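This is what each chain is made of:
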Amino acid sequence: MLHLSGASYRYAGYSKEVLHEIDLVLGDGEIVGLVGPNESGKSTLCLVASGLAPASIGGSLRGTLTLDGQPTAGLSTYALAERVVVGFQNPNTQRSGIAATVFEEIALGPMNLGLPVAETVRRTHEAIARLRLEALVRRDPLRLSGGQAQLVGIASLLAMRPRHIILDEPTAQLDPAGTRLVGDALRALAAEGTSLLIAEHKTDLLDGLCTRIIAIDDGRIVLDGPTATIFDDPRLAELGVEAPSRARLSRALADGGFDPSVVGAALAGGVA
Amino acid sequence: MIGGYLGPLVIVAIVIASASVAGVAGRLVRLSLLLTLPIAISVVLVSVFTRAGTHVVFTIGPFDATTEGIDFAGQTLVRLLAISTSIGLFGITTDPRSFVLDLERRRLSPRFAFVALATLEAVPAMVERASVIAAAQRARGLDTEGSIRARIRGLLPLAGPVVLSSLTEVEERSLALEVRAFGRPGRRELLWRMPDSRTQLAVRGALLLALVATIVARITGTFPQLP
Chain A
1 MLHLSGASYR
11 YAGYSKEVLH
21 EIDLVLGDGE
31 IVGLVGPNES
41 GKSTLCLVAS
51 GLAPASIGGS
61 LRGTLTLDGQ
71 PTAGLSTYAL
81 AERVVVGFQN
91 PNTQRSGIAA
101 TVFEEIALGP
111 MNLGLPVAET
121 VRRTHEAIAR
131 LRLEALVRRD
141 PLRLSGGQAQ
151 LVGIASLLAM
161 RPRHIILDEP
171 TAQLDPAGTR
181 LVGDALRALA
191 AEGTSLLIAE
201 HKTDLLDGLC
211 TRIIAIDDGR
221 IVLDGPTATI
231 FDDPRLAELG
241 VEAPSRARLS
251 RALADGGFDP
261 SVVGAALAGG
271 VA
Chain B
273 MIGGYLGPLV
283 IVAIVIASAS
293 VAGVAGRLVR
303 LSLLLTLPIA
313 ISVVLVSVFT
323 RAGTHVVFTI
333 GPFDATTEGI
343 DFAGQTLVRL
353 LAISTSIGLF
363 GITTDPRSFV
373 LDLERRRLSP
383 RFAFVALATL
393 EAVPAMVERA
403 SVIAAAQRAR
413 GLDTEGSIRA
423 RIRGLLPLAG
433 PVVLSSLTEV
443 EERSLALEVR
453 AFGRPGRREL
463 LWRMPDSRTQ
473 LAVRGALLLA
483 LVATIVARIT
493 GTFPQLP
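Chains A and B are the protein sequences, given in the same order. To convert, note that position 235 of the first sequence is 235 in this note's numbering; the numbers rise steadily by one, no gaps. If you want this note's numbering, it's the position in the second sequence, counting the first as 1, plus 272.
Accuracy of the hints is not assured; some may be wrong.
As the list claims (entries may be wrong) - Some residues of chain B that are not near chain A, with every Cβ distance over 10 Å (derived):
{"id": "1", "residue": "Ala285"}
{"id": "2", "residue": "Ala294"}
{"id": "3", "residue": "Arg299"}
{"id": "4", "residue": "Ile311"}
{"id": "5", "residue": "Thr322"}
{"id": "6", "residue": "Phe330"}
{"id": "7", "residue": "Ile342"}
{"id": "8", "residue": "Asp343"}
{"id": "9", "residue": "Leu349"}
{"id": "10", "residue": "Ile355"}
{"id": "11", "residue": "Leu414"}
{"id": "12", "residue": "Arg425"}
{"id": "13", "residue": "Ala431"}
{"id": "14", "residue": "Thr492"}
Stated by the list, open to error - Short derived list, chain B residues pointing at chain A, Cβ under 10 Å:
{"id": "15", "residue": "Phe386"}
{"id": "16", "residue": "Leu389"}
{"id": "17", "residue": "Ala453"}
{"id": "18", "residue": "Gly455"}
{"id": "19", "residue": "Arg459"}
Hints listed in this document are in silico derivations from the structure and should not be mistaken for laboratory results. Model, not experiment: these values are computed from the prediction. Ideal Cβ positions, reconstructed from N, Cα and C, are used throughout, including at glycine.
Model the full structure from these sequences, guided by the hints.
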């Protein structure tokens, strides 16, 4: 379990806090979606929940982060990396630049953990299979398209086999097929007990994937609840977050005088 | 005393012959000239016109070009060529990532390996970024064509974004590496080993011996004078 308690964070060199009193619990096997307008603090929350802020980038954190019951204060970044990983928006910066092939790029994390070669290779093959990257393994990581680079970046994190995964817009550069692929892989990881926090603008992905949604605005959690409840909440639109297609369709049906539950059941049964 | 023309020219010949075997002689010559030219121009000007000598070949204004100066410039030029062709051949025929990983296998620190590689790749990465930014700015009407003055005026505003975005990217990349436990102390088990034949081993040994012998000869002054 990842538990962030009363967390307020201020970047180094700034006087103003950008996160305020955040309480967040990620249970084992739980997938939590994080939504909010631009500059609401989603990326910062990802950094704080991963421990990189302040362990690596500095700044000041009030409150505590515990991973599986153990406080992370004072832990080095490599010690954190064995338990929690975070993927960033820009796939170009996810690439190490020191690997000659995609296979070596994905293997870099397990290698850094000091694992025997056989285990590193096993984990690498497993991550490649999860995201169906077999066709890319011999390619130069610096010569991939944005979408391919994003998949390789995610695979590189999966190969670490952490207990907790935090992803900041993991499908920003992916087409619908790639997005579904990532969704399937994350769902499978959650089924194995990994907890996931996913900051995403694509609410359709979150709608089909998450058990819980958190909405953040101006560094504060403003909505937190089951996925369907939050995505049906009209306050989401006030935050500038577009509800997923299912919720918008349901609302349009209700506005048109139809009973969304009846239409939904009919659609699910293939009658319509 | 090592000097003269023969030694450096022999090195240039060996390097170019090796490059021919590797099929990169043309690229090597172009690259070497490109590397040598800016330094060569200043070396020739300084050596030819400022080096003291007894036999004046020609005079330009207050400057005398002497035989000794021309000879010194010639010797320096062939040395520069020997250096630039050697470095050029290494750069063209060696994948930097394979090279650095092989150094790591030979007990170089992974952090040092990363810094070495980042340095090797910094310039091409920055050039690529600059061309992307320049293309984006051109699409928005920035004039980067025409006379040299116009180009400089057009390109100067790009320097800031190129440098700043490079720094941001380095910061994000180092974070991404930390996420993957790059800072963990202790050795890593690398996945592969560079092919290293007996011939390569023998040639490396011979080159190392030659280097040591040359340094010793240089210090002791026992190396025969080359023409």
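Going down the list of hints, with the structure as the test:
no.	hint	verdict
1	Ala285	32 Å, holds
2	Ala294	19 Å, holds
3	Arg299	20 Å, holds
4	Ile311	29 Å, holds
5	Thr322	44 Å, holds
6	Phe330	52 Å, holds
7	Ile342	46 Å, holds
8	Asp343	46 Å, holds
9	Leu349	36 Å, holds
10	Ile355	27 Å, holds
11	Leu414	23 Å, holds
12	Arg425	30 Å, holds
13	Ala431	21 Å, holds
14	Thr492	42 Å, holds
15	Phe386	6 Å, holds
16	Leu389	5 Å, holds
17	Ala453	4 Å, holds
18	Gly455	5 Å, holds
19	Arg459	7 Å, holds
Consistency note: the structure conflicts with none of the earlier hints.
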